[in-house]
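Respectively, the protein sequence lines represent chains A and B. Number 208 in UniProt numbering belongs to position 208 of the first sequence; there are no gaps in the numbering. Number 178 in UniProt numbering belongs to position 178 of the second sequence; there are no gaps in the numbering.
The hints are simulated quantities; they were obtained by calculation from the structure and are not laboratory data. No residue lacks a Cβ here, since even glycine has one placed at the ideal position from N, Cα and C. Hints may contain errors.
What the hints assert, rightly or not - When the alpha-carbon atoms are kept at most 25 angstroms apart in a straight line, the in silico SDA-like pairs for lysine to any residue are as follows:
no., chain 1, residue 1, chain 2, residue 2
1, A, Lys-118, B, Leu-137
2, A, Lys-118, B, Val-195
3, A, Lys-163, B, Gly-219
4, A, Lys-118, B, Trp-27
5, A, Lys-118, B, Gln-7
6, A, Lys-225, A, Asp-86
7, A, Lys-118, B, Val-320
8, A, Lys-163, B, Ala-22
9, A, Lys-118, B, Gly-17
10, A, Lys-47, B, Phe-176
11, A, Lys-47, B, Val-222
12, A, Lys-47, A, Gly-108
13, A, Lys-118, B, Leu-16
Stated by the list, open to error - Label-pair ranges, simulated between beta-carbon atoms:
no., chain 1, residue 1, chain 2, residue 2, range
14, A, Val-114, B, Ala-19, 51 to 59 angstroms
15, A, Lys-118, B, Gly-17, 18 to 26 angstroms
16, B, Gly-17, A, Glu-161, 38 to 46 angstroms
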Amino acid sequence: MATLEITNISKHFGAIQAVSDVSLSLEAGEVVGLMGDNGAGKSTLVKMIAGNFRPSQGTMRLNGSEIVLHRPIEARQHGIEIVHQDLALCNNLSAAANVFLGRELRRGFGPFRVLDYKAMYRRAGEIFRELRSETRPRDLVRQMSGGQRQAVAIARTMISEAKIVLMDEPTAAISVRQVAEVLHLIRGLRDRGIAVVLISHRMPDVFDVADRVVVMRRGRKVADKPISQTSPEEVTGLITGAIERG
Amino acid sequence: MATTLDQTIAQKRRTLGAAVLANQTFWVLLAVVLACIFLSFATDSFATSKNLYNITRNATFVAIIALGMTLVIITGGIDLSVGSVLCLCSMVLAVVMHSGYSIEVGIAASVATALLIGAFNGLLIAYVGFPPFVVTLGMLSIARSLAMVASNNTVVFQFGPDHDKLLALGGGAWLFGIANPVIYMIALTLLTGFVLRWTRLGRYIYAIGGNEQAATATGIPVRPIKVGVYMISALSAGVAGIVQTGWLGAVTTNIGAGMELQVIAATVIGGANLAGGTGTALGALVGAALIEVIRNSLGLLGINAFWQGTFIGGATILAVLFDRIRNFRQSE
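Next comes chain B alone, as it looks inside the complex (with noise of 0.2 angstroms):
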C-alpha cells in the first residue's frame, strides 16, 4: 500500500452512507415509514388525521419514559420500576390536586417523588453495589404498592380548582394543532440528544456502559453520574405519568403495569445494547414509534389483537438479530 501515514491517520472511518446503512435507528425508521406507506394504501382508516393524531400521541408516553431508559441502558444498567413509578407519580399528582392544591403543587410533589425514588434506586445501585435489576424490580412492587396506598385504591378522576388546566396540558393541542405529549416528547428527544452528543455528561454516560472501570480510573465521577441516570430515568417516568394523567383524564392504581417491557422494548428496538456502551435518544423514539404502528396497523387490519404481544415480541428479537449481524461484520 503506498498511503502514507499521514494520510492512514487522516482517513474517515467510513463515508457518510455506509454510516447510515450501519445505522439499525435508520432501519428501524425505514421500516416505521414503509409500513406506513402500505398502511395508507391497504386500509382507508390509517392515513386520516385522526388515526395519525392518536398513533403520535399514544407513543409518546412509552417514547419518553424510553428516553430515560435509554440513559441507564448505555451505562449498563436497566430500571424495571418505570411503569410503577409513572403510576405512583401519576396518583400523588392526582390526589394532592384532589384536595384542592394548585396544579403547580401538583406537579411539584408529582416530580419530587420521582426524583426521590430515582435516588434510592440510584444510591443502592452505584454506592452499595446492589444489581440494578434487582433493586428496580423491588422497586416496581413498591411503587404500585404506595400507589394503592396513597388513593386507597380508588379511581381519581375530580383535580381540583385546576382540574382544566391539568387536562389541558395533556390532552390540548397548544402549537399548530400537534397534540401536547408529541410537543413534550421530541423537546425532551431533542434534549437527551444534545446531552448525549455534545456534552461530557453524555460522553461520561457512554463510557461507562464502555468500561467502567477505566471511567473510573480516569477520574470520570462514575458512582454520581449512575445515580443521576436513575434520578433521571424515573423523572421521565414521572413526566410521562403527569402527561397521562391530563390526557386520560383519570388515575387508576393500574395504569403503567407492564409499561416497563414496552420502554425497553422500544429502547432496544430503537439500538441500545443491554449490556451497555450503546444507544440514542433517536433510536428511542423511533423504536415507540414502531411499537405503537404495529399495534394500531394489526387493528385496522382486523387482526385479532390477541396477536399484537408476538409482532410486537417479533420485532424485539429481530432488531437484536440485526445487531448480532452487525458486529459478527465487525468482529472480522
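Just chain A, with the same shape it has in the complex (with noise of 0.2 angstroms):
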C-alpha cells in the first residue's frame, strides 16, 4: 500500500486551472523528484498535499485512508511535513530552538512547567549526528551556512516523525559543497523510510538523489518514471514541451 495516494486531483482558482486532474502515489522510503517549469502546478500541488490548499476535486489518502486537510497544522497531524524553499527559520534563535518551535519540550509538573533547555540540546544534537550534519545545537542560526540551516529545517520535520517530507527547492540559493551535504540529508530521511518529494529545478540533483521523477507542464503531469528509465534531456524535452508525453 502507498504511504501516500492522490487520485484525480485538480485545482482552480477562479478561471484559472492550476493543477487538472493529477494521480500521483507515493512509497515509503521513496524519493520522488517533481519538475516543471515556472507555473506548471509543482508549487500548487504540494500546497494541497501540504494542507495549504484544498483541492477542487479527487481524493487524497493516507496509508490507505482518505484525508481531507484544511489547514497545514491538520496536515503536520498526519505526519507530512513541508521544508520551505525560504526555510522559514528564526535567525535569533539558536538550532535547538528553531527545531523545536511550537513544540518545545518543558520540565517541571502541571502548570509549572519551563522549558527544558538541556533535553533540546541534546535530542537537536542527536538528530544532527544522524544527519552527519556538522550543526552545533546552540549556534544562532544567524551564523550558520546554507547547508546547516537545510539540516536544522529537515531536523524541524525529523522530531516530529514525520512520514511524508515536501522539500522545496532545498538547492537553489547554496553552494555546490552544500548542495552535496544536503542531498546526504534527503538519502539520510530515505533511509528512515520517509517518503520525500524533491521540487527541484536542478536536474543534476534529481537524477542523483531521486528514485523516480514526476514532470509537471501546464497543470498536468507529463511523465512519471523510473530515473534508471529516463535521461535528463528527457526530462527537459518534457518540461519544455517538446516531447509531449514520457
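Quick one: dock chain against chain with the hints and give me the complex.
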C-alpha cells in the first residue's frame, strides 16, 4: 500500500486551472523528484498535500484512509511536513530552538513547566548526528551556512516523526559543497523510511538522489517514471513540451 | 581538522567569558558602575544614602515601562503611547479615588483602562495590520486627551478616604528601607526575565521578532501574542502610573509627557534592537539606570541641565553603535 495516494486531484483559482486531474502515489522510503517549469503547477500540488490549499476535486489517501486537510497544522498532524524554500527559520534563535519551535520540550509539573534547554540541546544534537551534519545545537541560525540551515529545517521534520517530507527547492541558493550536504540529508530521510518529494529545477540533483521523476506541464502530469528509465534530455524535453508525454 | 562530528556537535558556542564580553548589557552595567565609582570620588553628594535613594526611585518608573516596551520591541513593534497611558491611568486612579471610592476600586479601574488601551492597540496592529508606529502615535494623542477630559485638566491631589494608603504604596519603604517603587521594579524585572527565558510565551515572543512568517507557519498563535504584548506594555505604563501617583501625591495632565522616548532609549541602551528579535529584561533595567545616573550626575557635577539631552542621546547612539560593531564582527 502506498503511503500517500492522490487520485484525480484538481485545483482551480477562479478561471485559472492550476492543477488538472493529477494522480500520484508515494511509497515509504522513496524520493520523488517533482519537476516542471515555473507555473506548471508543482507548488500548487505540493501546497494541496501540505494543507495550504484544498483541492477543487479529487481525493488523497494516507496509508489507505482518506484525508481532507483544511489547514497546514492538520497535514502536520498526519505526518506530512514541508520544508519551505525560504526555510522559515528564526535567525535570532539557536538551532535547537528552531528545531523545537512550537513543540518545545518542557520540564516541571502541572502549570509550572519551564523550557527544558538541556533536553532540547541533547535531542537536537542527536538528530544532527543522525543526519551527519556538522551543526551545533547552540549556534544561532544567523551564523550558519546554507547547508546547516537546511539541516535545521530537516531536523524540524524529524522530531515530529514525519512520514512524508515535501521539499521546495532545497538546493536553489547554496554552494556546491552544501548541495552535496543537502542531498546527503535527503538520503538520510529516505533511509529512515520517509517518503520525500523534492521540487527542484536542478537536473543533476534530481538524477543524483531521486528514485522516480514526475514531470508537470501546464497543470498536468506528463511523465512519471523511474530515474533509471529516463534521461536529463528526455526530462528537459518533457518540461519544455518538446516531448508531449513520457 | 581532526575533530570528529560528535565533538563538533557537542561543542559549546563560546566560553562563558566570551559570552559575557559580547553582551551589551554587561558593558552598559560596567558603564553604570564606573560612573557611580567616579561620582563617589568626584562629588560629596553622590554616595549619600539620600541621593542613591532618589536615583533608584527615579529610575524605576522608566524601568518598569521599559520592561513592557522590551517585549513589544522584541516582537518587532513599538509603543509610543506609554507616556500618555501612564498619564491617563494615573488620572483614572486619581479621579476614581477622589470621588470617594477605595484604593482597590481605583487601582482596578486604572488597570482595566490600561488593558483596554493595550487591547485596542494590539487588535488594530495584529488583526487589522496597522503599523504599530501609527496606531500607538494615535493613542499617544488620544490617551492624553482623555486624561484631560477625565480631570477637566485640573490637578488632583486629594485621593479620598484611602489617600494615605495610596501615598504609602508609592512613597513608602516597607522592606529594609528600600523605596517601594524599587521593590516593584525588581519583582517585575525578575518576572519578565523569567517569562522571556523559561516559558514558551517568551520563546514565541523572540520567534515572532525573528521571523513572523516562520512563527505563523509553525503554528504559534502569533496574533494573540502580539495583542498580549501591547496589553502588557500598556499595563506596565499603568502600573508605573499608579506607583508614581502614590509617590508624587498629585496628578497633572502633563505627567509622562515625552516619557515614551526615554523608555525607548532605555530599552535600546539595554540591548534591544528596534528591528525585533533581541532584548532582555535586565537590559531594560540597566538602560534605565544608566539614563538616571547620567541625569543625576550632570546636576551634581554642576553641568548645566540643558546638556542632559545631549548626554542621554549620545549614550543611546553609542549603544546602537556597539550593536553595529558586534553584528559586523558576527557577519564576517
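Hint check results:
1. A:Lys-118 with B:Leu-137: Violated: Lys-118 (chain A) and Leu-137 (chain B) sit about 42 angstroms apart, past 25 angstroms.
2. A:Lys-118 with B:Val-195: holds (18 angstroms)
3. A:Lys-163 with B:Gly-219: Within the cut-off at roughly 19 angstroms; holds.
4. A:Lys-118 with B:Trp-27: Answer violated: Lys-118 (chain A) to Trp-27 (chain B) is near 28 angstroms, above 25 angstroms.
5. A:Lys-118 with B:Gln-7: At roughly 17 angstroms apart (the allowed maximum being 25 angstroms), Gln-7 (chain B) and Lys-118 (chain A) satisfy the hint.
6. A:Lys-225 with A:Asp-86: violated (29 angstroms)
7. A:Lys-118 with B:Val-320: Roughly 32 angstroms separates the two Cα atoms, so the pair is violated.
8. A:Lys-163 with B:Ala-22: violated (42 angstroms)
9. A:Lys-118 with B:Gly-17: Distance ~20 angstroms between Lys-118 (chain A) and Gly-17 (chain B) Cα, so the pair holds.
10. A:Lys-47 with B:Phe-176: Status violated; Cα separation ~63 angstroms.
11. A:Lys-47 with B:Val-222: holds (21 angstroms)
12. A:Lys-47 with A:Gly-108: violated (38 angstroms)
13. A:Lys-118 with B:Leu-16: holds (17 angstroms)
14. A:Val-114 with B:Ala-19: 51 to 59 angstroms: violated (21 angstroms)
15. A:Lys-118 with B:Gly-17: 18 to 26 angstroms: holds (21 angstroms)
16. B:Gly-17 with A:Glu-161: 38 to 46 angstroms: holds (40 angstroms)
Comparing the model with each earlier hint shows violations of hints 1, 4, 6, 7, 8, 10, 12 and 14; every other hint is respected.
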